[in-house]
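*Asks:* Given the coordinates of chain A, work out where chain B should sit on it, guided by the hints.
Heads up: the protein sequence lines correspond to chains A and B, in order.
Okay, so the first sequence: first residue is 1 according to the working numbering, each after it adds one.
Okay, so the second sequence: first residue is 99 according to the working numbering, each after it adds one.
Hints listed in this document are in silico derivations from the structure and should not be mistaken for laboratory results.
Note that CB positions come from ideal geometry on N, CA and C, so glycine has one too.
Some, not all, of what chain B presents toward chain A, calculated at C-beta under 7 Å:
{"no.": "1", "residue": "187"}
{"no.": "2", "residue": "194"}
{"no.": "3", "residue": "197"}
Here are some chain A residues pointing at chain B (derived, C-beta under 7 Å):
{"no.": "4", "residue": "11"}
{"no.": "5", "residue": "15"}
{"no.": "6", "residue": "16"}
{"no.": "7", "residue": "28"}
{"no.": "8", "residue": "77"}
{"no.": "9", "residue": "79"}
{"no.": "10", "residue": "81"}
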Amino acid sequence: MPAQREIEIEASPEEVWDALSTEEGRERWLDEPERTIHVESEDPPHRLVWWWWTGDEPASRVEFLVVAAPAGARVLVTETLPTFPLATLAARFALVAA
Amino acid sequence: MSDAIGPVFAALADPTRRHVVETLLRDGSTSVPALAAALPITRQAVAKHLATLGDAGLIERAPGTTREVHYRLRPGALGPANDWLHTTAAAWDDRLARLKGAVETR
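Just chain A, same shape as in the assembly (with noise of 0.2 Å):
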């Protein structure tokens, strides 16, 4: 059951990309400096899937979808809690990472 929200943006899905697949780019919009990104996988310009956490809490996945739209672009996001615990999250960071 995850939550999901959509909008339609006048530009193009390469500039909606932009603001959202880089640190700077979200520095633009995004405004929670105690939580961390970490991006799991980019498909440029159309979908990016991170996973974020503040503290101790559980991470979360969030997922974008960036299409191109009569307006310009249409991005629609879903987030999701999932279930196996951090530590095991943690390891797989570090097999991606290595």
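*Replies:* The following block gives chain B in isolation, referenced to the frame of chain A:
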């Protein structure tokens, strides 16, 4: 609080278990035989699903049942998950509006 929500979402990710929860929301209580009669699965499978729902803190034995065990939703069990959904969706409305503002004024 967040630690309890994960198992709730995992429990509700299964359509059979969602059916059980919907049945309980509608009827107040149910039993293994009643569910097995309504679903295309064995009593054993029903019992496993009920165990998962119980482990997630969603259901409990209904009080006062003697011969045939009945189950009901744990009062307030769906609250935290529901709150998370609403809070998270509202937060994203906010963030998406700021994303839109940032991208459109570039």
